[in-house]
Amino acid sequence: MLFCRSCFTGVFCQTELTQPDSMTVQPGQSLTLSCKVSGYSLTDTSYCTHWVRQPAGKALEWIGEICGDGNTYYSDKLKNKFSCSRDTSSSTATLTGQSLQTEDTAVYYCARESQ
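In the UniProt record's numbering, the protein residues as written are 1 to 115.
Rather than coming from a laboratory, the hints here were simulated on the basis of the structure.
The model shown is predicted, which means the values in this text are computed figures rather than measured ones.
Hints are not guaranteed to be accurate.
Claimed, not checked - With a Cα cut of at most 25 Å, we get these calculated SDA-like pairs of lysine to any residue:
#1 Lys81 - Leu31
#2 Lys58 - Gln98
#3 Lys58 - Ser90
#4 Lys58 - Lys81
#5 Lys79 - Glu113
#6 Lys81 - Gln101
#7 Lys81 - Gly39
#8 Lys81 - Gln54
#9 Lys58 - Leu100
#10 Lys79 - Thr102
#11 Lys58 - Asn80
#12 Lys58 - Ser22
#13 Lys79 - Met23
#14 Lys79 - Ala106
#15 Lys79 - Val107
#16 Lys79 - Ser46
#17 Lys36 - Tyr47
#18 Lys58 - Thr88
#19 Lys81 - Gln29
#20 Lys77 - Ser90
#21 Lys58 - Gln29
#22 Lys81 - Gln98
#23 Lys58 - Ser91
#24 Lys79 - Ala56
#25 Lys81 - Thr18
Construct the entire structure; sequences and hints are all you get.
Here is the structure:
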């Protein structure tokens, strides 16, 4: 069993990024995590929305990002497992993971970065 917990990821001035509490999937399955943003636009080229994860007892690991211009960038280690997308109409960034395994169990965070 794979357990993923996503967390409220912070407030920067009037910016909020909000995620659901937790999700559980079986090994080999896919997982989609959403991040609702407010206080900035996902199409604002000044910003990128990042995804990171933290397995229990381990350091944060950067997964990837989607920027205001729509470009995506990924960790070399994880680029074949995860993809970042966005729905600008609902101000939601999405992380999709494929063929997840128990080693992918972690707390997953979204975060905004200024370019």
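Hint check results:
As the CA atoms of Lys81 and Leu31 are separated by approximately 11 Å, the hinted pair is consistent with the 25 Å bound. Distance restraint check for Lys58 and Gln98: the Cα-Cα separation of roughly 22 Å lies within the 25 Å cut-off, and the hinted pair is therefore satisfied. For a cut-off of 25 Å, the pair hint linking Lys58 to Ser90 is broken: about 33 Å separates their Cα positions. Under the criterion of a C-alpha separation no larger than 25 Å, the hint pairing Lys58 with Lys81 is consistent with the structure, at around 20 Å.
Straight-line distance between C-alpha atoms of Lys79 and Glu113 comes to about 20 Å, which keeps the hinted pair within the 25 Å bound. Restraint check: the Cα-Cα separation between Lys81 and Gln101 comes to about 10 Å, which is no more than 25 Å; the hinted pair holds. The hinted pair formed by Lys81 and Gly39 fails the criterion: a straight-line CA distance of about 30 Å is larger than 25 Å. About 16 Å separates the Cα atoms of Lys81 and Gln54, which keeps this hinted pair within 25 Å; it holds.
Among the hinted pairs, Lys58 with Leu100 is consistent with the structure: their alpha-carbon atoms are about 18 Å apart, no more than 25 Å. With a CA separation close to 18 Å, the supplied pair Lys79 and Thr102 stays within the 25 Å bound. Between the alpha carbons of Lys58 and Asn80 the distance comes to roughly 22 Å, so the proposed pair stays at or under 25 Å and holds. Between the alpha carbons of Lys58 and Ser22 the distance comes to roughly 19 Å, so the proposed pair stays at or under 25 Å and holds.
The straight-line distance between the Cα atoms of Lys79 and Met23 is roughly 21 Å, inside the 25 Å bound, and the hint therefore holds. A distance of roughly 17 Å separates the Cα atoms of Lys79 and Ala106; the hinted pair therefore holds under the 25 Å criterion. Between the alpha carbons of Lys79 and Val107 the distance comes to roughly 18 Å, so the proposed pair stays at or under 25 Å and holds. As the CA atoms of Lys79 and Ser46 are separated by approximately 23 Å, the hinted pair is consistent with the 25 Å bound.
Of the supplied pair hints, the one linking Lys36 and Tyr47 holds, its CA atoms being roughly 15 Å apart against a limit of 25 Å. With a C-alpha separation of about 33 Å, the suggested pair Lys58 and Thr88 falls outside the 25 Å cut-off, and the hint is violated. The hinted pair formed by Lys81 and Gln29 meets the criterion: a straight-line CA distance of about 11 Å does not exceed 25 Å. At most 25 Å may separate the alpha-carbon atoms for a hinted pair to count; Lys77 and Ser90 exceed this at roughly 30 Å.
Pair hint Lys58 plus Gln29 holds up; C-alpha atoms about 23 Å apart against a cutoff of 25 Å. Restraint check for Lys81 and Gln98: the C-alpha separation of about 5 Å stays at or below 25 Å, so the hint holds. Straight-line distance between C-alpha atoms of Lys58 and Ser91 comes to about 30 Å, which puts the hinted pair past the 25 Å bound. A hinted pair counts as satisfied when its Cα atoms are at most 25 Å apart, and Lys79 with Ala56 qualifies at roughly 22 Å.
Restraint check for Lys81 and Thr18: satisfied, since their Cα atoms lie roughly 23 Å apart, inside the 25 Å limit.
In this structure, the hints that do not hold are numbers 3, 7, 18, 20 and 23, in rising order.
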